[in-house]
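Chemist: The primary structure of each chain is shown beneath.
Protein chains: 2
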Amino acid sequence: MSQGAGGERMQEFIREFVLRELDHDFGEIPLGALDDAAIIEGIAFTTDSYTVKPLFFPGGDIGVLAVAGTVNDISVMGAQPMALSCAMIIQEGFSGDDLHKIMKSMNATAKKAGVRIVTGDSKVVEKGAADGLFINTSGIGKRSGHLDHNIEMIRRSRQFKWNWPNDSGVADGDVIIASGPIGNHGIALLSFREGYGFETTVKSDAAPMNHVIAEGMKVGGITSMKDPTRGGVANLLNEWADKSRVGIRIREEDLPMDEAVISACEMLGIDPLEIGNEGKIVMAVVPDMADDVLKAVRSKPEGKKAKIIGQATKKVKGVMMETHTGGKRVIEPPVGDPVPRIC
Amino acid sequence: MSQGAGGERMQEFIREFVLRELDHDFGEIPLGALDDAAIIEGIAFTTDSYTVKPLFFPGGDIGVLAVAGTVNDISVMGAQPMALSCAMIIQEGFSGDDLHKIMKSMNATAKKAGVRIVTGDSKVVEKGAADGLFINTSGIGKRSGHLDHNIEMIRRSRQFKWNWPNDSGVADGDVIIASGPIGNHGIALLSFREGYGFETTVKSDAAPMNHVIAEGMKVGGITSMKDPTRGGVANLLNEWADKSRVGIRIREEDLPMDEAVISACEMLGIDPLEIGNEGKIVMAVVPDMADDVLKAVRSKPEGKKAKIIGQATKKVKGVMMETHTGGKRVIEPPVGDPVPRIC
Numbered sequence: 001m002s003q004g005a006g007g008e009r010m011q012e013f014i015r016e017f018v019l020r021e022l023d024h025d026f027g028e029i030p031l032g033a034l035d036d037a038a039i040i041e042g043i044a045f046t047t048d049s050y051t052v053k054p055l056f057f058p059g060g061d062i063g064v065l066a067v068a069g070t071v072n073d074i075s076v077m078g079a080q081p082m083a084l085s086c087a088m089i090i091q092e093g094f095s096g097d098d099l100h101k102i103m104k105s106m107n108a109t110a111k112k113a114g115v116r117i118v119t120g121d122s123k124v125v126e127k128g129a130a131d132g133l134f135i136n137t138s139g140i141g142k143r144s145g146h147l148d149h150n151i152e153m154i155r156r157s158r159q160f161k162w163n164w165p166n167d168s169g170v171a172d173g174d175v176i177i178a179s180g181p182i183g184n185h186g187i188a189l190l191s192f193r194e195g196y197g198f199e200t201t202v203k204s205d206a207a208p209m210n211h212v213i214a215e216g217m218k219v220g221g222i223t224s225m226k227d228p229t230r231g232g233v234a235n236l237l238n239e240w241a242d243k244s245r246v247g248i249r250i251r252e253e254d255l256p257m258d259e260a261v262i263s264a265c266e267m268l269g270i271d272p273l274e275i276g277n278e279g280k281i282v283m284a285v286v287p288d289m290a291d292d293v294l295k296a297v298r299s300k301p302e303g304k305k306a307k308i309i310g311q312a313t314k315k316v317k318g319v320m321m322e323t324h325t326g327g328k329r330v331i332e333p334p335v336g337d338p339v340p341r342i343c
Numbered sequence: 001m002s003q004g005a006g007g008e009r010m011q012e013f014i015r016e017f018v019l020r021e022l023d024h025d026f027g028e029i030p031l032g033a034l035d036d037a038a039i040i041e042g043i044a045f046t047t048d049s050y051t052v053k054p055l056f057f058p059g060g061d062i063g064v065l066a067v068a069g070t071v072n073d074i075s076v077m078g079a080q081p082m083a084l085s086c087a088m089i090i091q092e093g094f095s096g097d098d099l100h101k102i103m104k105s106m107n108a109t110a111k112k113a114g115v116r117i118v119t120g121d122s123k124v125v126e127k128g129a130a131d132g133l134f135i136n137t138s139g140i141g142k143r144s145g146h147l148d149h150n151i152e153m154i155r156r157s158r159q160f161k162w163n164w165p166n167d168s169g170v171a172d173g174d175v176i177i178a179s180g181p182i183g184n185h186g187i188a189l190l191s192f193r194e195g196y197g198f199e200t201t202v203k204s205d206a207a208p209m210n211h212v213i214a215e216g217m218k219v220g221g222i223t224s225m226k227d228p229t230r231g232g233v234a235n236l237l238n239e240w241a242d243k244s245r246v247g248i249r250i251r252e253e254d255l256p257m258d259e260a261v262i263s264a265c266e267m268l269g270i271d272p273l274e275i276g277n278e279g280k281i282v283m284a285v286v287p288d289m290a291d292d293v294l295k296a297v298r299s300k301p302e303g304k305k306a307k308i309i310g311q312a313t314k315k316v317k318g319v320m321m322e323t324h325t326g327g328k329r330v331i332e333p334p335v336g337d338p339v340p341r342i343c
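As given, the protein sequences belong to chains A and B, one line each in that order. End of the first sequence = 343 in the working numbering, gap-free, step of one. End of the second sequence = 343 in the working numbering, gap-free, step of one.
Source of the hints: derived by calculation from the structure; they are not laboratory data. On a predicted model such as this, the values are computed, not experimentally measured, just so you know. Among the clues, some could well be false.
Remember, identical chains collapse to one label, so a pair may be satisfied in a single copy or spanning two.
Stated by the list, open to error - Cross-link-like lysine to any residue pairs, in silico, SDA-like; alpha carbons within 25 Å at most:
#	residue 1	residue 2
1	Lys104	Gln11
2	Lys142	His24
3	Lys53	Ser122
4	Lys142	Glu28
5	Lys111	Glu21
6	Lys53	Lys127
Whole structure, please, built from the sequences with the hints as guidance.
Modeler: In structure tokens form, the structure reads like this:
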């Protein structure tokens, strides 16, 4: 299970079964970059299968996730989402009412993102052959004027060899912005899951973030963006540190978190940095534009609790957090996600 | 199960859950056209989940299928495949050796098609939550010079309002070409499936058909192409008859079929027209170019047994077959595929 949970064991799995077996150096941002989407002939292209459990949870359902997750993976490349696919694997006897609800969620979420589902597939398998319903969405996106502007603004500050923000784009001094409170999705899911069942008001944050991202790019200077899904913020920051060859320092007291998530994490003994989110973006921004990007992000409802959480720096190796008590804690990439099947 | 088998019940399912719930009129060839791929801003975009059982079968495996099937869905729109995605849902404990084999198949098949897998996803689910391995591939394709030429050649014969061959493009008189013998994939699968186990030399035909299609388009005049997967040739021809509002007449004696497939179908009481294929294309071609297209298709190894099997005609309603005995048989769209989980 941990090989699918977004952490270090998944990285090993990908090296062993994907990078070893597949040609992976094709495109502007190739498969081998293991970024959120590939860039091929100017088109951003990404895919995600959703196996979330349960299918309905506080704040959303698999349909919201499947649209928002893929929209976000396109958008963090700076691309403008063009279209999504939807492929369902349905267990024989699955509730028609539930399927109607889920399709409605997909359509509503796509509308919110301003994107359409244009192609699809459905397979039905016997009872016991699939866990109710799995949905795959793939997505394509294209360059926009906002993206061109964003890249131009980076280049006013420094050299930048890519035409897209990407995992390798973070440099010494870049300011790290989180678009809002972390941990909500994983905790909401867990509170609803059999065998846990604790009372909380926490809802999933699942939402398309493309409008927030567009607002940030209008200011410009965003060198990389990621959505902290499987493996959470801890995994995200370590991917940056690794691929951009730069240290990252964050401050615990600057991490946006809801009280209810803090309590739940304490109760369950879970590190909020390792929990998956589905409606958050973490951005790296050239230093002198960070305040303006923050303001832009905050101007959108999904970004109104955005905060600067740290900075890339050559002064540390890997990811380092200054704790509430003034200590220092190394943030390692998690082995797996403490909440499996979050998406 | 029949709702996923490619026949009439699947059409009902799609009307009820997809067309009713999703906005579906976006793009040059929109979702609502229910064609093999959508066309959006000049990009062909398609998706398919593969739930084939068993994963390994005579002539191929789920990896070959997953690449070939999606390459073919892009290619039948006349588009040149650009890139594929690969998203796996893996059951906990799935054999690493099998996964290596499957990934090698995917890479080899992609190479054969001249396309790359550029983005991916992997999810691991508990034992009992998925039937070993499901693979989704989505794909994107673009216009090519061959496609432009193909459309131009159609327009020398008649008006054609689309820029792409598509399900609605068939007109009275168009000649129907099948690229080779039908029924092999379904029979190969069945022969290897638990509970059937009969001896046959039949192998799956799974193969990417983009090179054959490109050869045909170099001649030009192809008004529609489809690959007869779920629901087989019977379903394919009925889709054309329905969407192009034209009758189709085929001759049983012209249907290319291998002896071993004929015997197996007789033994099992299965109509070969209803069996899924994974490396065949059926083309509709403007009459005066049909012989040259046939010749072009036959020049490629995957098309060397191609035959003209019939013609579109206003003189019949729906799909009509002249039988070996000189009789006439109405070919209805199958209710489901007689061999479930063929892809």
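Chemist: At most 25 Å between alpha carbons: which applies to Lys53 and Ser122, within, between, both or neither?
Modeler: Both ways: Lys53 and Ser122 sit 20 Å apart in one copy and 16 Å across, limit 25 Å.
Chemist: Can you give me the call for Lys111 and Glu21, within, between, both or neither, at a CA distance of at most 25 Å?
Modeler: between (38 Å within a copy, 12 Å between copies)
Chemist: If the cut is 25 Å between Cα atoms, do Lys142 and His24 qualify within a copy, between copies, both or neither?
Modeler: Both: 21 Å inside a copy, 21 Å across copies.
Chemist: How would you classify Lys53 and Lys127 at a CA-CA limit of 25 Å: within, between, both, or neither?
Modeler: both (17 Å within a copy, 14 Å between copies)
Chemist: With identical chains, the pair Lys142 and Glu28 could be close in the same copy or across copies; at 25 Å between alpha carbons, which is it: within, between, both, or neither?
Modeler: Close inside one copy (13 Å) and across copies (17 Å); limit 25 Å.
Chemist: For Lys104 and Gln11, with the copy left unspecified, which applies at a CA distance of at most 25 Å: within, between, both, or neither?
Modeler: Answer is between; shortest inter-copy Cα gap is 19 Å, intra-copy 34 Å.
The earlier numbered hints are all upheld by this structure, with none contradicted.
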